[in-house]
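Build the complex from these two chains, which are given one at a time in their own frames, with help from the hints.
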Amino acid sequence: MKFYGVSVEERKASGRYTVLRYRWPGLVEPGQFVMARAVGWPVTLDPFLARPFSFYDHDGEVASLLFEVRGRGTALLDRAHKIEVSAPLGCGFQLGSSSGKAALLGGGVGIAPLKILGRRLTELGVPHDVFLGFADAPTAGAARDFPGAGMATMDGSLGTPGTVLDAVPNLTEYGAVYACGPNPMLAAVKRTVGPDRLCQLSVEERMGCGNGSCNGCAVPVRSGGYVRSCVEGPVFRAEALAW
Amino acid sequence: MVVRERKTETRLAVELCGIPLRTPLIPASGTLTKEALGEVEGVYGAMLPKTTTPAPRAGNPPPRVAETYAGMVNSIGLQNPGVERFLEGLDAFDIGLPLFVSAAGDTLEEFGALCERLGADERISAIELNLSCPNVECGGLTFCAGPASVEEVVAVCRRATGKPIFAKLTFEGVVENARAAESAGADALTIMNTIPALTIDAHRREALVRGGLSGPAIKPVALRAVYDVCGAVEVPVIGSGGVTSGIDVAEFMLAGATAVQIGTASFVRDPKEILSELASYLDKVGLDTADLMGALSS
Chain A
1 MKFYGVSVEE RKASGRYTVL RYRWPGLVEP GQFVMARAVG WPVTLDPFLA
51 RPFSFYDHDG EVASLLFEVR GRGTALLDRA HKIEVSAPLG CGFQLGSSSG
101 KAALLGGGVG IAPLKILGRR LTELGVPHDV FLGFADAPTA GAARDFPGAG
151 MATMDGSLGT PGTVLDAVPN LTEYGAVYAC GPNPMLAAVK RTVGPDRLCQ
201 LSVEERMGCG NGSCNGCAVP VRSGGYVRSC VEGPVFRAEA LAW
Chain B
1 MVVRERKTET RLAVELCGIP LRTPLIPASG TLTKEALGEV EGVYGAMLPK
51 TTTPAPRAGN PPPRVAETYA GMVNSIGLQN PGVERFLEGL DAFDIGLPLF
101 VSAAGDTLEE FGALCERLGA DERISAIELN LSCPNVECGG LTFCAGPASV
151 EEVVAVCRRA TGKPIFAKLT FEGVVENARA AESAGADALT IMNTIPALTI
201 DAHRREALVR GGLSGPAIKP VALRAVYDVC GAVEVPVIGS GGVTSGIDVA
251 EFMLAGATAV QIGTASFVRD PKEILSELAS YLDKVGLDTA DLMGALSS
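Taken in sequence, the protein lines are chains A and B. So the first sequence is residues 1 to 243, counted in this note's numbering. So the second sequence is residues 1 to 298, counted in this note's numbering.
Keep in mind that the hints were calculated from the coordinates and are not lab data. Don't be surprised by glycine CBs; every beta carbon is placed ideally from N, CA and C. Don't take every hint at face value.
Simulated restraints, written as ranges between beta carbons of each label pair [what the hints assert, rightly or not]:
no., chain 1, residue 1, chain 2, residue 2, range
1, A, Glu239, B, Ala92, 19 to 29 Å
2, B, Ala202, A, Ser7, 52 to 62 Å
3, A, Lys12, B, Gly286, 47 to 57 Å
4, B, Arg204, A, Arg23, 36 to 46 Å
5, B, Glu116, A, Ala187, 43 to 53 Å
6, B, Ala92, A, Thr172, 42 to 52 Å
7, B, Arg204, A, Gln94, 49 to 59 Å
8, B, Pro220, A, Ala242, 35 to 45 Å
9, B, Ala202, A, Pro161, 24 to 34 Å
10, B, Pro220, A, Glu61, 40 to 50 Å
11, B, Lys272, A, Thr122, 38 to 48 Å
12, B, Arg210, A, Arg11, 55 to 65 Å
13, A, Asp46, B, Pro61, 47 to 57 Å
14, A, Arg197, B, Arg159, 55 to 65 Å
Okay, chain B solo, but in the shape it has when bound (with noise of 0.2 Å):
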């Protein structure tokens, strides 16, 4: 009997989109930046930097961050230099992977500028639409209101650029949301952001943080949306949300995910330690990640 050793890297590679990904796991949007990724070599398969929008924007002033059970809420505010700043600096986070590039508008005109502008860079491999950010005030999450919004945003990147494009949506009416967003020529579905939440600090009596939920908390919730949109669609999809551990990723690909973001919980693990339990589990199982994809037994 011959027994092939197949090598790690080998093992975990997946295709997404075309795109080989040497591993199936994506920093999730605005959760690493340039100066961290010395400490992140070798577990990504892919870099995506914090959404670009047209114009810089300041974000929102702080508080921003507060902690919850298991969990974060944030209200950033799309913080960001600008595209033109924005592709002036991309070179940082050229580190040898496929790029994807998070943008945002506040209107349909300004996701079609940017789609143009971002599908013209040679570096970017792949465009993520991020219509689900719940903590800016137009725009944003107002783009998920429904399939009609859905269909005619991701149409508009559509005939502005001949890259992927990926829709980032929210878990609200995500099934039929992201059934719009293939009808409409996306590439692949990004299952899902932040889930609306807020704080509240009791004892002195103010609200602290009205923002997005994200961390171990929404895994499940994440997880349900990433399965029932497996079954909707053809399109990949890229499964986002309280992802933290090895297993966690496996459990995503189970429920038909192609590649997976990690997020916050890169704030409080080393994110190559969520791969190295991906590879003990693969170990275990005797599968490689290409197998797992919604590879569940009933």
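The following block holds chain A by itself, in its conformation from the complex (with noise of 0.2 Å):
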């Protein structure tokens, strides 16, 4: 995997989590994901694999990814002036604009893609809602990015108590669901929206390489056995998925 050097530009808390700015000229797609890390071999050995995160925005010239501290490896991209990122990877959010209005679904880090999906939709001219489900009142301050989002709070302290489900008023009337949180809320968004409507999720799973070498993100597919994550996803239409 080929890693490249940039710099941090701006480092912003957002909520609980982090948002991390650094110059990035090629072309993004939403949905797309980089491999990150804070710093390179042979320095690299704890932690030893860069992460995978979902791009957060990406404006032409600046990408920034959304990130919570949960170990190590985020822990020192959380204070790192340099780091190094792969060029963008995977396959993301098929946009169409044959569907209607689209309903844009974040569970907690989740939330991450949505962001420059919105901006994307907005281009295209696609009208859409976007709701946001958090654990509690600290994580949810990530929805100060997200203006005239809905919102939900597991613990009940802001927003519709419940899941991001549980924040959607009425889901039949939206053509599209694109989604992006913990595996068993899109379960829960698949299991909802139903077969009739388009629905596109982003999922999370661990993995080594990135780049489909080392079979590593395997996501079950209902036509038998597994996928990649980093290569025919992370984005999958929700009927494809064996969940």
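Here you go:
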């Protein structure tokens, strides 16, 4: 995997998450991801692997990532001035304007790809609403970047009590649903949306390489067996997944 | 005085079982997908796709990978579409390099039939017998249980094909198993596979991945195995295990390896850097790769 050294242009807290910006003039599709790490070989023996992150936003010149500090890899990223990133990877959301209004559902740090997705849908003139679900009010601080978004918290401290699905008043008014979050949330979205509407899910899986080589990020599919989240995904049509 | 400038290409070239390789580097089986071939142009001397088995295998349920200090543990479980679909898609790996194919079966009969099938395909230059996968329930590592079982399976494969066969062995009992593979007719030995390992998530109190450890963490173990085997057999040895830099490649060749596989390192580095480090090292010491083999000073 080829990594590129980039300077962190800006870092800011977003609720309990971090938004990190770096210059990336290349193309980025909503739903694509990067492998990122604070330092490269030979320093990077621990953590050894880079981490996959969905693009949070990209304005043509500057890309941003949204992440939660969970372990050593993300803790180092949270304070690095220079980081190493791969080129954009994977298959993102397939965007069409024929399905009518779109609902964008995000859970926790899985709200990340909805920012760039919303930007792109606006550019395409596709009407859409954003709904975000969080564990509690402190994490829900990340919703500030999504003006007008509907919100739910599991502990009921902000917005509708419950999951992101509880924040959607009428799911049937949407012709397309795009979702990203923990896999149990995505399974619930798939069940609720049903088979008749376009539903695309960005899955979360542990990754080794990020380029399809290691077969580590296996996702079970309805046609049998597993496919790779990093190459065939991370965005899948809901009906393809065996959840 | 005439100073002869040798081209980098010539300096890097090696020969393995009569097969010329333009560099001594080979991707370790299961670590280079066809989608990533464009990124590694010029790096490798041969191509080696993920292990094929007689029937399709879905592989193991996730989680399949976990990170460790200086390495990772994987339990993929030989996910592959089966030999027939593998052969249908094999042209994708034809990038003008000798094509080696990694093969595994659950039984002796499967190994024999698979070698016959692969041996009959003219695109394939050699077959690597995966006798050491730690992540499948039957077959796999059990073939490396001892010299008798290694000898038996290599002999079956030897009878099935005239193509060069490489036996890929685990580190445990490696010298005895290497001698057995050689006497049964293996043309080369790939030393070694991943090491059986486990990761646990203490916070969730869950066993995470029970599989094979790879990466720089296992390099000294692999180096010792290669060194010991090279002192015990005549056939060429392909070094494999934690090779992450050009200097690592040189170390494996100094230990006696004819060629060296790059696996997990390609997830964290651009393999082109590994090759250029090797070239810089050769410049510095004034040697060709072919001169490195077993050339320890004491």
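Evaluation of the provided hints:
Glu239(A) and Ala92(B) have their C-beta atoms about 28 Å apart, which keeps the hinted 19 to 29 Å range intact. Range check, Ala202(B) to Ser7(A): about 35 Å between beta-carbon atoms, so the 52 to 62 Å window is missed. Checked against the hint of 47 to 57 Å, the pair Lys12(A) and Gly286(B) passes, with Cβ atoms roughly 53 Å apart. Taking 36 to 46 Å as the suggested C-beta distance range, the pair Arg204(B) and Arg23(A) conforms, at roughly 37 Å.
Our hint of 43 to 53 Å for Glu116(B) and Ala187(A) holds, since their Cβ atoms are close to 45 Å apart. For the hinted restraint 42 to 52 Å between Ala92(B) and Thr172(A), the CB-CB distance of approximately 44 Å keeps it satisfied. Separated by about 35 Å at the C-beta atoms, Arg204(B) and Gln94(A) break the suggested range of 49 to 59 Å. Remark: the range hint 35 to 45 Å for Pro220(B) to Ala242(A) is upheld by a beta-carbon distance near 42 Å.
At roughly 32 Å, the beta carbons of Ala202(B) and Pro161(A) sit within the given window of 24 to 34 Å. Distance hint check for Pro220(B) and Glu61(A): the Cβ-Cβ separation is about 45 Å, which falls inside the suggested range of 40 to 50 Å. Distance hint check: the CB atoms of Lys272(B) and Thr122(A) are about 40 Å apart, consistent with the given range 38 to 48 Å. Remark: the range hint 55 to 65 Å for Arg210(B) to Arg11(A) is contradicted by a beta-carbon distance near 38 Å.
Separation of Asp46(A) from Pro61(B) is about 27 Å and departs from the stated range, judged on CB atoms against 47 to 57 Å. Against the hinted window of 55 to 65 Å, the Cβ-Cβ separation of Arg197(A) and Arg159(B) comes to about 58 Å, which satisfies the hint.
The structure fails hints 2, 7, 12, 13 (numbered hints given earlier, in ascending order).
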